[in-house]
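Residue numbers (the numbering used here): 10 to 154.
Calculated directly from the structure, the hints in this document are not laboratory data.
Honestly, I wouldn't trust all of these hints.
As the list claims (entries may be wrong) - Once the Cα atoms are required to be at most 20 Å apart in a straight line, the calculated PhoX-like pairs of lysine-lysine come out as:
hint: 1; residue 1: K12; residue 2: K30
hint: 2; residue 1: K59; residue 2: K114
hint: 3; residue 1: K12; residue 2: K102
hint: 4; residue 1: K12; residue 2: K78
hint: 5; residue 1: K101; residue 2: K12
hint: 6; residue 1: K67; residue 2: K114
hint: 7; residue 1: K133; residue 2: K114
hint: 8; residue 1: K78; residue 2: K67
hint: 9; residue 1: K102; residue 2: K78
hint: 10; residue 1: K102; residue 2: K59
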Amino acid sequence: MDKLEEILREKFDLENVAINKLVHDAFIRCEIHDLDDFTESKYSREELQKSIIVYGIKYNEKSNHYFSKSLSHYNPMETIDGRLVLVVFTFKKDEYEYFSSNSTKLTLDLTLELGITEKDILEKNRKYYNYKSAKNIIDNYDRFI
Numbered sequence: 010m011d012k013l014e015e016i017l018r019e020k021f022d023l024e025n026v027a028i029n030k031l032v033h034d035a036f037i038r039c040e041i042h043d044l045d046d047f048t049e050s051k052y053s054r055e056e057l058q059k060s061i062i063v064y065g066i067k068y069n070e071k072s073n074h075y076f077s078k079s080l081s082h083y084n085p086m087e088t089i090d091g092r093l094v095l096v097v098f099t100f101k102k103d104e105y106e107y108f109s110s111n112s113t114k115l116t117l118d119l120t121l122e123l124g125i126t127e128k129d130i131l132e133k134n135r136k137y138y139n140y141k142s143a144k145n146i147i148d149n150y151d152r153f154i
């Protein structure tokens, strides 16, 4: 996830967003559920929630495209103090590396920027199929929106 953090810091102005300061409890529960599936229920829900790192992306010229509901499939998330935020959730523990965002387009773009290795291609692992799917969607994005 170091490469993901590097990409986020290069592309955007980040802000601190604590997971317990997000209003959308249903979204957090969904993220924890997805992460539980991803890790094959290896960790308790509390352990998963404690291990999530949230990157908040400030709204400005660098990020405004990802805040668009129609162009980026942005699912607005609000903080307790009423600010709308764009976030990237990350989890890294043992052999598991996971991330998602409340912007579908951002998730797809980050998946492509992170890329895949020759090993991923040979193994045809989850990372390979995620990359392949993201590439297909991005290549045909105008038809999807």
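(request) Quick one: which hint numbers does this structure break? Sort them smallest to largest. (result) Numbers 1, 2, 4, 7, 9, in rising order.
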